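Student: Build out the structure end to end from the sequences listed, making use of the hints.
To convert, count from 1 in the sequence shown and add 51; that's our numbering.
No lab work stands behind these hints, which were simulated from the structure alone.
Some clues are possibly wrong.
[Claimed, not checked] Below, computed lysine to aspartate or glutamate pairings styled on DMTMM-like, alpha-carbon distance capped at 25 Å:
| no. | residue 1 | residue 2 |
| --- | --- | --- |
| 1 | Lys73 | Glu61 |
| 2 | Lys112 | Asp145 |
| 3 | Lys112 | Asp140 |
| 4 | Lys73 | Asp85 |
| 5 | Lys73 | Glu88 |
As the structure is a prediction and not an experimental result, all values here were calculated from the model.
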Amino acid sequence: MMKSVGRNQESWALDLELEDLKLLCPDGTEAGLDEYERCHLAAVPTNAVVVRTENRCRVWKYLERLQNAFGNATEGFSLFSSAGYGESDLLFSDGTHHLQRVVGSYTSWLGPTYTTMLQAFECEGVFISAGTGDGTDGRQFDRRLRGESGGEEKG
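Tutor: Written as structure tokens, this is what we have:
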């Protein structure tokens, strides 16, 4: 997180400070960045290389050959270590031990909680209210997160 503060040159982020950032909790509250264990919208799956469906076999075979040749290299180029280049996490996270092929769709790999959370943030068909005085106060958004229908709220 510290790496990103001050690097975004978009106009909305120019004066952004770390203390300006907050976590959004599933219950509608906010929390500080250090409270991520109790307040998170979904657990992020481990890192992945995502490719088009039509290229998946070719890309996997290529990555598998690279991993076999350089995955555990102790001299010269190492696929999972950036130590010799004065940087970190250049190709893959330096904590990577191996690549694993994921069989099935990306939604099955992400899991239902994460996929539902992503769908809740789609712009089309989602109504987010920030206390506009219309009486909903974001309830339609909350129902979408919980997987409930977006029908009218009963009073």
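Student: Please go over all the hints and tell whether each is borne out by the structure.
Tutor: Results of checking the hints against the structure:
1. Lys73 with Glu61: 19 Å, holds
2. Lys112 with Asp145: 22 Å, holds
3. Lys112 with Asp140: 22 Å, holds
4. Lys73 with Asp85: 9 Å, holds
5. Lys73 with Glu88: 13 Å, holds
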